[in-house]
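This is what each chain is made of:
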Amino acid sequence: MEVNGRLKNILKYAYDNCPYYTDLFDSVFGKGYDFKNITYEDFSKIPLLSRNEIVINTSQIINKDLTAVDLKELIVTRTSGTISGYPLEIYWSLGDYVRSNTYSWEIRKKYYGILPRDKYVSFHTYSYFKNKIQKLQDIEYSQDRINLSLSALDITDVKLHLYLREITNFKPKWMFLAPHLAIELIEYLKKYNLTFPNSLEYIECTGEVLLPSVQKIIKEYFKVPVVNFYGSMETNGIAIQCPYGNMHIVEKNVYVENIEDQIVITSLTNTKMPLIRYCLGDNIEIDYEGKCPCGNPAHIVTKISGKKGISFKDKGELITEKKLAYCIERINSLYFDCIMQYQLLKQGDHILFSIYIEEKFEHWEEEILFQLRKEFGNIGIITDSWEFSFQTTNIKNMKYSKFKNIIIN
Amino acid sequence: MEKNVAVLDEIILSLYTGDDYSVLNDQIDLINDLSFDSITLIQLVVMLEDEFNITFPDEVFSMEYLRSYKYLKNYICGEMMHGS
Numbered sequence: 012m013e014v015n016g017r018l019k020n021i022l023k024y025a026y027d028n029c030p031y032y033t034d035l036f037d038s039v040f041g042k043g044y045d046f047k048n049i050t051y052e053d054f055s056k057i058p059l060l061s062r063n064e065i066v067i068n069t070s071q072i073i074n075k076d077l078t079a080v081d082l083k084e085l086i087v088t089r090t091s092g093t094i095s096g097y098p099l100e101i102y103w104s105l106g107d108y109v110r111s112n113t114y115s116w117e118i119r120k121k122y123y124g125i126l127p128r129d130k131y132v133s134f135h136t137y138s139y140f141k142n143k144i145q146k147l148q149d150i151e152y153s154q155d156r157i158n159l160s161l162s163a164l165d166i167t168d169v170k171l172h173l174y175l176r177e178i179t180n181f182k183p184k185w186m187f188l189a190p191h192l193a194i195e196l197i198e199y200l201k202k203y204n205l206t207f208p209n210s211l212e213y214i215e216c217t218g219e220v221l222l223p224s225v226q227k228i229i230k231e232y233f234k235v236p237v238v239n240f241y242g243s244m245e246t247n248g249i250a251i252q253c254p255y256g257n258m259h260i261v262e263k264n265v266y267v268e269n270i271e272d273q274i275v276i277t278s279l280t281n282t283k284m285p286l287i288r289y290c291l292g293d294n295i296e297i298d299y300e301g302k303c304p305c306g307n308p309a310h311i312v313t314k315i316s317g318k319k320g321i322s323f324k325d326k327g328e329l330i331t332e333k334k335l336a337y338c339i340e341r342i343n344s345l346y347f348d349c350i351m352q353y354q355l356l357k358q359g360d361h362i363l364f365s366i367y368i369e370e371k372f373e374h375w376e377e378e379i380l381f382q383l384r385k386e387f388g389n390i391g392i393i394t395d396s397w398e399f400s401f402q403t404t405n406i407k408n409m410k411y412s413k414f415k416n417i418i419i420n
Numbered sequence: 010m011e012k013n014v015a016v017l018d019e020i021i022l023s024l025y026t027g028d029d030y031s032v033l034n035d036q037i038d039l040i041n042d043l044s045f046d047s048i049t050l051i052q053l054v055v056m057l058e059d060e061f062n063i064t065f066p067d068e069v070f071s072m073e074y075l076r077s078y079k080y081l082k083n084y085i086c087g088e089m090m091h092g093s
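If you're matching them up, the sequences are chains A and B in order.
Everything in the first sequence is counted per my numbering, starting at 12 for the first residue and increasing by one.
Everything in the second sequence is counted per my numbering, starting at 10 for the first residue and increasing by one.
Excised from the complex, chain B in its bound form (with noise of 0.2 Å):
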């Protein structure tokens, strides 16, 4: 779980243009928080979906999933420990 974790957290801070590098907790927006816009959110779900060999449905791309780092932390890993 924890090097699910280490990837998607590096995913994330690579698609990340601030420079405050400890911003990833459970409480962070990447709308808001990340300034993440409609293209880098795509790379994301694209990167994310590649990385992990996972399709993601519907659902995810609910804005109240999809931005939150919370959740996609927990889909990963629920999608990983399924898998596995």
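Next up, chain A with everything else stripped away, as it sits in the complex (with noise of 0.2 Å):
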């Protein structure tokens, strides 16, 4: 089968204009290869590109013919530590990169009535300055006061209560966040009988897997819908969620494989540097039949998990984050979403298994604790020694950005 328009056109451009794809097409398919004919499977003969990849050949992936003009509208991306220490930069062309964006927007204002110039509060992790990471400021606002972002790093209560006063005088539309902070957010303001300000329309999650549980929490709380946003530095939209709970890829900005449970990514938009078949490191699961009441007809993704994460033995049973992931899932099944949160700590041999379930589930612990034994021993982790331990508080993330499902110390 043919391989759809958009994607034939950034290869063909790919091709004749960036150094790099052109000899590697050339090593692929021969010199001189038709890309108006392409097929799925002579498409899928081109190596998966890795970030390690990216950062050695930048210069070769970054079109030729980029015109003076294009360096001074030129918008570089950046993505967080890689190898050497340095970030991946990825460059775009101003109307690559608002096209690219604008099929996310589309999504936002058609069903959620949120708009570009909405005033949002984000949470941040780093931020750059010429191609340095710079000390982190707690409370930043963008150049044109539409962004109030503030540091996701060390949270405590007399942070976020600047936090909440900054916030309610910026009076927000919406919210960026992962949901762990979403989570710390909210049993903050119940500790302290405090309310957030009622400009708040919408809050979008990223970074992290949204458990369905977590996602109706922050809902309930702050009335307002909560949806789930996939993206990247490196591509913007992937996927985001509809009304009815799907989360539909953003087709026209890019084209996903699902190599052995691993997103790959082609960049459907990008001209100045297309990245093509671009291994983000995420693990996915993709519906390709499902039909969405929504009338978006994109695919849908109906699992990401964190990159392969870590993972260790214990009595000879690999422990993988996705094992926890399943065995919470199935939990979450039969037991109305009660697990919000968990995490486990292996320190040398004790491992503790921290579950942070919804308080009207605290009278169930040991029903829950002998289900998720039981699940666990079904794909084979013996927990004997393990120690569980419930909570109905937030599970507090100390010096991580990201929350971990699985700490080694």
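Among the clues, some could well be false.
[What the hints assert, rightly or not] Quick list of in silico lysine-lysine cross-link-like pairs, DSS-like style, CA-CA up to 27 Å:
(1) B/Lys82 to A/Lys263
(2) B/Lys12 to A/Lys121
(3) A/Lys83 to B/Lys82
(4) A/Lys230 to A/Lys407
(5) B/Lys82 to A/Lys121
(6) B/Lys79 to A/Lys120
(7) A/Lys120 to B/Lys82
(8) B/Lys82 to B/Lys12
By construction, these hints were calculated from the structure, which means they are not laboratory data.
Dock the two chains into a complex; use the hints.
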């Protein structure tokens, strides 16, 4: 079957304009390959692109015909820490950048009434200035004061107190944050019996897996739509949730492949630095047949979990984030999404498994634990020597920017 | 056609943070003359698509066109005439 038009265009464009792809495609297909009729079978012969290869080959991946005007208006997006301590930089023309982001914004506008210039609060873990990571400020405003950005590191009640004062004055229309931060914020507000500004109309969660149970709690507390967004600095929007709860791929922006459960992305909009068959590193499941009542025909992402993540062996069995997530999801399907958060802490041979449950499930602890041990046992994980701890408050994420489900000390 | 141009002008001016409201003419470059940044351009596209019930094709995102008031005006008027 022939690949779709947009994908064909970017392949042809990359071949004609980017030395890295000219050499690569010549080596795969032979010189002078005709991309007009490229099939998915041929497309799948293109080697996968790793982050490491992008860093090493950046100058060859960039369009060789960048003009002076392009350079003046070039947009550079960066991702944090990669090999050699250098951030990964992605170059966009202003037009490509606008086009790439427009597709996610069309959805936000259509379903949730949110526009790009609406005021929003976000949380940052790093900031760059001229290619170097800057010392984090707790509170930062964008130049046009559309965005209030708060540091996500070392969150304490004192900091949250400052943040809330700032947010209250700022009156944001929406908030963009990781699920664990939303929970942390809710707990703080409840603890001190405080309220969040009622200007808030929408919350978008990103950066971590958003469990349905957590989504429900956030939605019930703030009484606004809470939407799961999956994107990357390398490609912008990849998938966004519709009001029916389905994560639709932003198919005008990216072509997504599932290669052995790992997401592989081709950016369809970046002509200045095309990324073709780029391994983002996250695990993904896609429903290619599913139809959604929202009417968006784009394929639906049914599961996203973090990058390969941390794993270790316990009593000969490999313990992975994916396995833990599977067991927790099983329990949540049996017990009304009771588990909000979980974390495995390994210190030497000792394993502490902390579970945050909703308060109303407190008296179910024994039953939940019994079933959880059973679920672990079913996939070969022996938990006899593990210590389990239940709590009805958020698991603190002391020194990490992203919530970690496995910590090995 | 005049009505469409008036709507286009209204949307552009709603995103313009300057104070000279007589600025719009065919020579206007949205980036250089009105200081539109990427976020503002995204909002402009989303608002125009929504208002005129159109979807911009890829070529409109070429900066040569996207930044040009004249091009956007002609494109929208053309689409509206073609659609009606």
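Cross-check of the supplied hints:
The hinted pair formed by B/Lys82 and A/Lys263 meets the criterion: a straight-line CA distance of about 25 Å does not exceed 27 Å. The suggested pairing of B/Lys12 with A/Lys121 holds, with an alpha-carbon distance near 24 Å, which does not exceed 27 Å. Annotation: proposed proximity of A/Lys83 to B/Lys82 holds, straight-line Cα distance about 25 Å (limit 27 Å). For the hint pairing A/Lys230 with A/Lys407, the CA-to-CA distance comes to about 21 Å; that is within 27 Å, so the pair holds.
This hinted pair checks out: B/Lys82 and A/Lys121 have alpha carbons roughly 23 Å apart, not beyond 27 Å. Simply put, B/Lys79 and A/Lys120 have alpha-carbon atoms about 26 Å apart, close enough for the 27 Å limit, and the pair holds. With a C-alpha separation of about 22 Å, the suggested pairing of A/Lys120 with B/Lys82 holds against the 27 Å cut-off. With a C-alpha separation of about 11 Å, the suggested pair B/Lys82 and B/Lys12 falls inside the 27 Å cut-off, and the hint holds.
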